[in-house]
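Student: Sequence:
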Amino acid sequence: MDDCYARGVIKGITEHQFGPNQNLTRGMLVTMLYRYAGSPEMTGETSFSDVREGRYFYQAVVWAEENQIANGYPDGTFQPNQNITREQMVTMLFRYVQSQDGDNGLRDDLAAFEDRDKVSNFAKAPMEWAVANRVVNGMTATTLAPKGQATRAQTATVLYRTLANL
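Per the working numbering, the very first residue in the sequence shown carries number 101; after that it's consecutive.
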């Protein structure tokens, strides 16, 4: 977590509070990835009806949409303030790695995890990648908790492990 903070990838929720146990939102995660990518200047607009210019995550959402790192919902929204699940977090990280040509092709069949059938179809390959590359170890030795909420501390750890391999 300290490394991500030192790089400016993750910032506090206030000037004096980091909030490691606070749930992470979709807007927060795309902002972290955008910062890691160097915060490139974005001139386009987002197609998501609920992402307005001027919000802290606006440029990050435009970037994530343009680079196919984050998808929205069928109703045309992004839902930036919605808490992100562990499988959504892993999926966005996996897409970022792919966008950087960093996917080494390693996969794990998730057989060691009794809740592997709870992983959504969209997140199956990303979760297999994350386990194989030791980006995600599971909540316990036998559970992934794919639908569980991702905290800021968990995300910083997973982000660090992911980016260390790029």
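Please note: incorrect hints may appear among the correct ones.
Claimed, not checked - Restraint ranges, calculated between C-beta atoms of paired labels, are given here:
no. : residue 1 : residue 2 : range
1   : Arg-234   : Glu-153   : 32 to 42 angstroms
2   : Asn-183   : Glu-214   : 36 to 46 angstroms
3   : Gln-182   : Gly-144   : 35 to 45 angstroms
4   : Glu-145   : Ser-220   : 40 to 50 angstroms
5   : Pro-120   : Gln-168   : 25 to 35 angstroms
Just so you know, the hints here were simulated from the structure itself, not pulled from any lab data.
Ideal placement from N, C-alpha and C gives every residue a C-beta, glycine not left out.
Student: Hints broken by the structure, by number, lowest first?
Tutor: Checked against the structure, the hints that fail are numbers 2, 3 and 4, while the rest are satisfied.
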